[in-house]
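Asks: All chains should be modelled from the sequences, with the hints used to inform the complete structure.
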Amino acid sequence: MYGLESRLTNLDPAEAFSAVSYNSSDTVKRKITRETYPIGREYLIERAGLFCPYVSRQHAELIREGGEYILTDLDSLNGTYLNGDRLIPGSYYRLVKGDVISLAHVGMSFAFCV
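Here my numbering is used: position 17 in the sequence shown is 17, and no number is missing along the way.
Among the clues, some could well be false.
What follows is a set of in silico ranges between Cβ atoms, one per label pair, in the way DEER data are often shown [to be verified]:
#, residue 1, residue 2, range
1, PRO53, VAL96, 28 to 34 Å
2, LYS97, PRO53, 28 to 34 Å
3, THR33, VAL100, 29 to 35 Å
4, GLY66, PRO38, 18 to 24 Å
5, THR33, ARG86, 27 to 33 Å
6, LYS97, LEU77, 18 to 24 Å
7, THR36, VAL96, 17 to 23 Å
8, GLN58, ASP85, 17 to 23 Å
9, GLY84, THR33, 26 to 32 Å
10, ARG57, LYS97, 16 to 22 Å
11, PRO53, THR33, 23 to 29 Å
12, ARG57, ARG34, 17 to 23 Å
Rather than coming from a laboratory, the hints here were simulated on the basis of the structure.
Note that CB positions come from ideal geometry on N, CA and C, so glycine has one too.
Replies: Take a look at the structure:
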């Protein structure tokens with residue numbers, strides 16, 4: 001559907017979770033249970049109790065489709081990074097186990113785990 005390069009085949013949605021840390025502080029783990037997750041300031045406060053002024057209100061989006069997880073940057077001001085590489089806004093990227101998503105490149109990251 002998204003015209004993505006093949007990086008992933010079928011992860012078990014029941015096992016997926018994000019591990020969120022900010023500036024190397026304690027890591028907060030949360031199960032991924034919904035089909036879509038908007039990632040932004042409110043998400044980080046709600047899911048991890050974290051606030052970062054460099055993260056946009058609507059920064060990125062995580063989409064679960066079947067056994068695949070897809071990430072897109074929502075044209076954020078300070079960028080979304082996948083394993084250190086800045087994403088092209090509006091493009092879709094499949095996630096694999098262990099991928100690290102960084103927001104605004106300020107020490108906030110998600111480890112995508114199964």
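Asks: Run the structure past the numbered hints and jot down the numbers of the failing ones, going up.
Replies: 3, 6 and 10
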